[in-house]
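Under full-length UniProt numbering, the first residue of the sequence shown is numbered 1, with each subsequent residue one higher.
What the hints contain is simulated information worked out from the structure, not anything from laboratory work. Hints are not guaranteed to be accurate.
Straight line, CA to CA, 20 Å or less: simulated PhoX-like cross-link-like pairs of lysine-lysine [unchecked claim]:
no.	residue 1	residue 2
1	K21	K138
2	K130	K68
3	K18	K131
4	K21	K130
5	K21	K124
6	K86	K32
7	K86	K18
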Amino acid sequence: MMTWKHERRHLIIEIESKLVKPDMWLGIGFSKDGLMGNDTVFECQFPASGSGSVLLSHNTAKRNIVLKTASELLIRDGFTEFTDGKAMCGGEWILDNIHLDSQERTLMHVISSGRYNLFFAFGKMENGEKKMHGMVGKEAPWKSQEQVRFCQRCSSSFANVDSVATDEFKKL
């Protein structure tokens with residue numbers, strides 16, 4: 001499940017999943033066109049040892065690029081934890097991209113503008129490095145059936161990304 005609350009220029013995000021275990025990662029991709037590629041991703045990494053991390057990244061059609069400066073400047077109070085067999089993570093995402101260099105700024109959507117399909121993906125980590133998510137079966141990404149908006153006047157909302165049976169998401 002993913003919940004969010006828009007407060008001024010911040011998006012407070014929490015994600016919960018029973019599918020992710022230690023030494024794995026999960027991510028929510030924000031896509032304007034409903035296709036994987038050219039997406040902004042809010043991701044959480046759960047290494048086998050040590051503390052996890054919450055990052056922003058850009059997803060091309062073939063690979064994922066961690067946006068280090070954006071992650072450092074735009075994510076506050078990021079957390080990762082396991083409770084009762086569930087991976088949980090989240091943080092406060094500052095939606096103001098003006099402090100980023102032009103390269104990272106062009107790789108990020110302006111989340112408070114427009115409608116987005118959400119993609120939920122997860123995969124394994126090896127030696128602290130993310131591996132690509134699966135493309136078939138339960139490891140393939142899931143996509144929201146409806147587009148969502150993230151705006152100051154929109155109400156808080158949620159999307160259930162934890163179950164194939166949900167009406168909100170479907171397998172690709």
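Right, here's what the structure says about each hint:
no. : hint          : verdict
1   : K21 with K138 : holds (14 Å)
2   : K130 with K68 : holds (15 Å)
3   : K18 with K131 : holds (19 Å)
4   : K21 with K130 : holds (13 Å)
5   : K21 with K124 : holds (9 Å)
6   : K86 with K32  : violated (29 Å)
7   : K86 with K18  : holds (5 Å)
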